[in-house]
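Peer 1: Which chain is which? The protein sequence lines are V and E, in order.
Taking the numbering used here, the leading residue of the first sequence gets 394, the next gets one more, and so forth.
Taking the numbering used here, the leading residue of the second sequence gets 394, the next gets one more, and so forth.
None of these hints come from the bench; they were simulated from the model.
All residues carry an ideal CB built from backbone N, CA and C; glycine is no exception.
Heads up, some of the hints might be wrong.
[Stated by the list, open to error] What the simulated footprint calls covered on chain E by chain V, stretch by stretch (three residues with Cβ under 8 Å from a Cβ of chain V suffice, anywhere in the stretch; the number is not a length): (1) 443 to 451; (2) 656 to 670; (3) 738 to 752.
The lines below spell out each chain.
There are 2 protein chains.
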Amino acid sequence: MADLDFERHYSDRARRAVASDIREILKMLDDPELISFAGGIPNPDAFPVAVISDITQKVLDRSPSETLQYGVTEGLSPLREALSEHMGKHGLATCPDEVMVTSGATQTIDLCSQAFLQPGRRIVTESPSFLAALLAFKSHSAEIDDIRMDSNGIQTDLLSDRLKELRRRGMSPTMLYVIPNFQNPTGVTLSESRRKELIGMANEYDFLILEDDPYGQLRYAGDALPPVKSFDDVGRVIYASSFSKILSPGIRVGWVVAHKEIIRKLSIMKQTADVHTGVLSQKIANEYLRGGHLDTQLTIIREMYGRKQRTMLTALDQFFPEETHWTHPQGGMFLWATLPDSVDTLRLLPKAIEKKVAYMHGRLFYPNGGGESEMRLNFTHASDEMITEGIRRLGGLIDAELRSH
Amino acid sequence: MADLDFERHYSDRARRAVASDIREILKMLDDPELISFAGGIPNPDAFPVAVISDITQKVLDRSPSETLQYGVTEGLSPLREALSEHMGKHGLATCPDEVMVTSGATQTIDLCSQAFLQPGRRIVTESPSFLAALLAFKSHSAEIDDIRMDSNGIQTDLLSDRLKELRRRGMSPTMLYVIPNFQNPTGVTLSESRRKELIGMANEYDFLILEDDPYGQLRYAGDALPPVKSFDDVGRVIYASSFSKILSPGIRVGWVVAHKEIIRKLSIMKQTADVHTGVLSQKIANEYLRGGHLDTQLTIIREMYGRKQRTMLTALDQFFPEETHWTHPQGGMFLWATLPDSVDTLRLLPKAIEKKVAYMHGRLFYPNGGGESEMRLNFTHASDEMITEGIRRLGGLIDAELRSH
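Construct all of the structure, not just a fragment, from the sequences and the given hints.
Peer 2: Laid out in structure tokens, this is it:
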């Protein structure tokens, strides 16, 4: 018999959910000879393998039943306590009841999308912003109001104008999505004064803020800024982070800090999503925090990633044409380069892959168009030598492109 | 400042998502002296702790980077291959491309709900059925048509009548949800002839079938029946299972077998849900299957659970009043008892908990009402002695209730 026509059975939401271009690009990157600045993945040389191995043995020896049995949806109590303490050390006073463990920050974004978005709702994002979050918001049919960034993050004067304009049309956003530290894709950090301004606007226009902070600990220069949520008196900021960039992405453990009422609602939705996050993974994260391994690990990661970032900046100075410019982040995993208008980074990509070097083209990160001459460069994954060589090749390609015009 | 009014920000879906009574009941069960037949959790004495510990060391030694790094959404290729082989041995010929790893069968139910349900859609379920699935379907606003079961599973003559009636009203279900083996909550197994009938009706009325089979391997008597999906020629059955009952629920690994096109769509939705299932967990499941540990483990589980089930059946014969009756499952984790109409199992529950014994009352499992005098009894978790003692106490309570009328 012929296969079914599945399309007619799909929900509207499933019809909207389409594979992102990024997956197609990532498939091209299997080539081990290719120098990839495209992904956003940690360097495996930095994984604390011995620590994880020791912890795993220990928890399976000491509490095998608890480690292998069903757990509670909100997460293991000791881990929620440890995360609450961790947040306290990093500028956000909270209590374990306001912390829920998630299966990574992507799940937090998904749960928040389910809880707050639907057709007819609006969400404000930075422009450009994190691709996976944009896809999640779109799959929930929310209208995205993207606001351009400068070197201090989302431009609050433009945001203020947009909010006024929306109000005139009888509309308002339900939520604002912001990555305050070393933003993906630009590497830009939101200034402290703008953090406060966002809270002021959220209070005035009554919207929530989803503060996505997976990179905050990856700081290589300058001083840490207080989380947006630290300026929030009424519980309108939902703070999300994860162990993916400071321990291991493969274990899928993140957390969310929010008002107890929101935690309660998100936990009901998580119950239906995956019951709870893997207990062994949670125990690894818990022992890692409580054993003081995070500080040791951050020293290693900051040294390695900071060096790789300097290597890329040096290579950009040396090999990229004068007409290009790029961000100079104080941390994180990405740089953002802006080329002259005549260079189309999507059209350039196949030529780059032919020369065995890859990046993410800018269009991917703009929900409503833009970014034709921009590119995201990840500096954490390639070896130091390959960073220099890859930027040399890219610079040559851009030069050739400029000369051809 | 006063806290926000969150309610007005919630999506319609979030407003519908309410905590299930079951969570409130489970909170009462923390008392270590209480004999609980309420949960649905495996017996931790059966967890293969040493095997898991050995596997964990091995995979962290041999492939630390792969184990701790991001993985692909569809799951590790070796695990998809091993699952495809496993299904082949259990009556379902398939290929790795038709298998996706999930973060437990609950995630499969959630992804299928997202992919196929929405307001205005209908889903057929057994009556009674699995509470968490019913909550997922309701949270997606699907209308539930529940069809009564008998000792051979869902009553296909009643289903046929319902389908005709719906057709007369211009309606049809999008999906049928069925737990074919040792159903939760009744323990009943769907007969082979009815499995074929379901496929016939699905073809005639053009609906999909979600076949949820977490208990199929827990057979203590009789012969295995072919999966519903094995009679499906066109790809309309989505088969879900999990490692929760045959290895460990805490690791959160399940799988789904479906037409490649459906796998493609579910993987796009899973990408947004949690990127991928934890890699360490997947590697534990993979080595467990490939190392032949499952067969050893099943021997242990079947012996233990089969014995516990016989213990409960013997105690029911001895202590429950004559006017009650119950199912005699050939496997699984649950029995279903039906008491005389005069006994309300929800009203009886506080009295039972006072006597330090607990069960799940029947109403929980009926999406459209019913089950007032029914109860689910789990026999896998309590010790053999406590099973006898708990049923003795319950029998006494029911006796007293009957005498009081």
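Peer 1: Taking the hints in turn, state whether each one holds.
Peer 2: Here's how the hints hold up against the structure:
1. 443 to 451: holds (count 4)
2. 656 to 670: holds (count 11)
3. 738 to 752: violated (count 0)
Hint violations for this structure: number 3 only, all remaining hints satisfied.
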